[in-house]
Amino acid sequence: MLTLTCPYCHVAAEETELAPGGEAHLTRHGPGSTDEAFEAYLFGRRNPKGVHFERWRHLYGCGRWFLAARDTMTLQVFGTYPAQSKYPPRHIVDAIRAARPGWAPDWDETSGDSAPGVGNDPAPNPTPTRDSFV
Amino acid sequence: MPASTSAAAPSARRSGRYSVFAIAREAMRLHRGWGRAWASPEPRSRYKVVVIGAGGHGLATAFYLGRNFGITDVAVLEKGWLGGGNTGRNTTIIRSNYLQDPSAAIYDKSLQLYETLSQDLNFNVMFSPRGLIMLAQTEHEVRGYRRTANANHLQGVATRWIDPAEIKRLVPIINIDGPRYPVLGGLFQERGGTARHDAVAWGYARACSDMGMHIIENCAVTGVDTADGRVRAVDTSRGRIECDKLAIVVAGHSSVLAGMAGFRLPIESLTLQALVSEPIKPCMDVVVMANTVHGYLSQSDKGEMVIGGGTDGFNNYTQRGSWQHVEETVRSLIETFPMLSRLKMLRQWGGIVDMTGDRSPILSTTPVEGVFVNCGWGTGGFKAIPGSGWAMADLVANGRPGPLAAAFGLNRFAEGRFIDESVAAGVAH
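As they're listed, the protein sequences go chains V and F.
Residue numbering for the first sequence follows the numbering used here, starting at 5 and increasing by one per position.
Residue numbering for the second sequence follows the numbering used here, starting at 799 and increasing by one per position.
Read the hints as simulated data drawn from the structure, not as lab findings.
Values in this document were obtained by computation on a predicted structure and should not be read as measured data.
All residues carry an ideal CB built from backbone N, CA and C; glycine is no exception.
It is possible that some hints are incorrect.
[Unchecked claim] Facing chain F, a subset of chain V residues (Cβ under 8 Å, in silico):
id	residue
1	Glu19
2	Glu21
3	Pro24
4	Glu43
5	Tyr45
6	His56
7	Arg61
8	Leu79
9	Gln80
10	Asp112
[As the list claims (entries may be wrong)] Cβ pair distances, simulated, as ranges:
id	chain 1	residue 1	chain 2	residue 2	range
11	F	Gly1101	V	Ala16	35 to 45 Å
12	F	Gly878	V	Gly54	14 to 24 Å
13	F	Phe1216	V	His33	35 to 45 Å
14	F	Arg1198	V	Tyr64	22 to 32 Å
15	F	Trp1121	V	Gly54	22 to 32 Å
16	F	Arg815	V	His29	54 to 64 Å
17	V	Arg101	F	Ala1018	19 to 29 Å
18	V	Ala23	F	Gly1214	40 to 50 Å
19	F	Gly1037	V	Gly54	48 to 58 Å
20	V	Tyr45	F	Gly878	27 to 37 Å
21	F	Gln910	V	Arg101	48 to 58 Å
[To be verified] Residues of chain V placed beyond 10 Å of chain F at every Cβ, according to the derived structure:
id	residue
22	Thr20
23	Arg32
24	Pro35
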């Protein structure tokens, strides 16, 4: 069973305790945006075969939303982090790079208002890297 | 007339026509004369049309390109083995009792093609129109299915609302008065049923091969080469293959292939599971879908109870689903079918389904000229194979969608013109 550690209450929550919430780090486009941007925000999804950043809710726990980095092909979990992160924090990126040497971030780390490792991100608390599908 | 007769002449037929006379002839020579059902050629460097994905939908697309449009310079590329994806992993249910008109049109076309498919392909797909009941177990479902029955009348799709007594007569093993989910009635489509899923892929493959098309297995596409917004070729594990037109018909991997071609799809890939019990004596000769409890059930010709459930909630390419969903499906089905609790389950497996937001498929042109996609069939693709291939061949041959595919374009998401079947169909397909 998939197990994710909630970054707020630090409980190693099993899948039945969590609710999946789809792709993370979507930039919201609302009224005033172009049709293309609005459509891409609502429907366009990366849906990668490999490293995926996604939203989860600790439904039957603390009830809060958080983000996770997970491989959709192996179900390996690289770590979880708070939902307020604009980009995946550095310890998550490092964990992915260690496990997937060929992988590179596809976001621009310099342009954001929340550089990796700062902002709302608490002290790195990396979850052990493991295959969580048992 | 089918193009197969003329096109088959130059390249020797490999398997011959299947008939009672062929069986008698082969019996006389100890069955040493049966040829392979389809050829395994080396890929050429160029085809007019390349279809990616030799599952049911890809092979049906190729077949109707040849049969309806005379296009036989076609290669069907398959990463693994033929029909090894969702075509071989579904619960083989066939029905066309959809709420929305565009869905009813394409699914009923598909059902009509299934009715004569064994004759058309000269291959027994074991189509079994045994009837299909969708159970209403809440007041909400009663209203929903009564509405669907009315919609089906207007669409010319024969379905009817039946009461619990008739359901009990059709399905003696059902528990009508279940404490939590009593059966309040059902939507009955007598023409619905099942078919042998592998045979559908094999039959189409054999017919395509007989038309001179190339079916190339163990050939993974690694890149799509475009220039000036037009497709030029695909790079594969067996070399570069040029093409005028490219049809991407890969279900769960649609986003991956679209990424190679440089665009995104409104698709998310999830795992859907199914399981079968040990074989038992015949006890249920209809298909029953219980959408409230997320389960559907039929008995195979071998006697196994075939059970399908709901999808996992998170993106997944592993073809292994979560254990909890098996438990959830079986736990709730047992309330409606108590005898299931005594059965041992033999096998359980998963497939990757390509889900769209409105639970309707995508048959569409794409931002890249010459590239067409057929995907998004989600949890209900098997029943659609012939109709999907029919509409997709039209789209690929003419470069624009015909009447069956017109409503299923990618532009419907930008325009907010959804074909909302998630309410009509619940979760199960």
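For each hint, the structure was consulted:
no.	hint	in the structure
1	Glu19	6 Å, holds
2	Glu21	11 Å, violated
3	Pro24	4 Å, holds
4	Glu43	5 Å, holds
5	Tyr45	11 Å, violated
6	His56	6 Å, holds
7	Arg61	11 Å, violated
8	Leu79	6 Å, holds
9	Gln80	11 Å, violated
10	Asp112	18 Å, violated
11	Gly1101(F) x Ala16(V): 35 to 45 Å	43 Å, holds
12	Gly878(F) x Gly54(V): 14 to 24 Å	18 Å, holds
13	Phe1216(F) x His33(V): 35 to 45 Å	19 Å, violated
14	Arg1198(F) x Tyr64(V): 22 to 32 Å	50 Å, violated
15	Trp1121(F) x Gly54(V): 22 to 32 Å	23 Å, holds
16	Arg815(F) x His29(V): 54 to 64 Å	57 Å, holds
17	Arg101(V) x Ala1018(F): 19 to 29 Å	26 Å, holds
18	Ala23(V) x Gly1214(F): 40 to 50 Å	27 Å, violated
19	Gly1037(F) x Gly54(V): 48 to 58 Å	25 Å, violated
20	Tyr45(V) x Gly878(F): 27 to 37 Å	34 Å, holds
21	Gln910(F) x Arg101(V): 48 to 58 Å	54 Å, holds
22	Thr20	5 Å, violated
23	Arg32	17 Å, holds
24	Pro35	14 Å, holds
The earlier numbered hints that this structure contradicts are 2, 5, 7, 9, 10, 13, 14, 18, 19 and 22.
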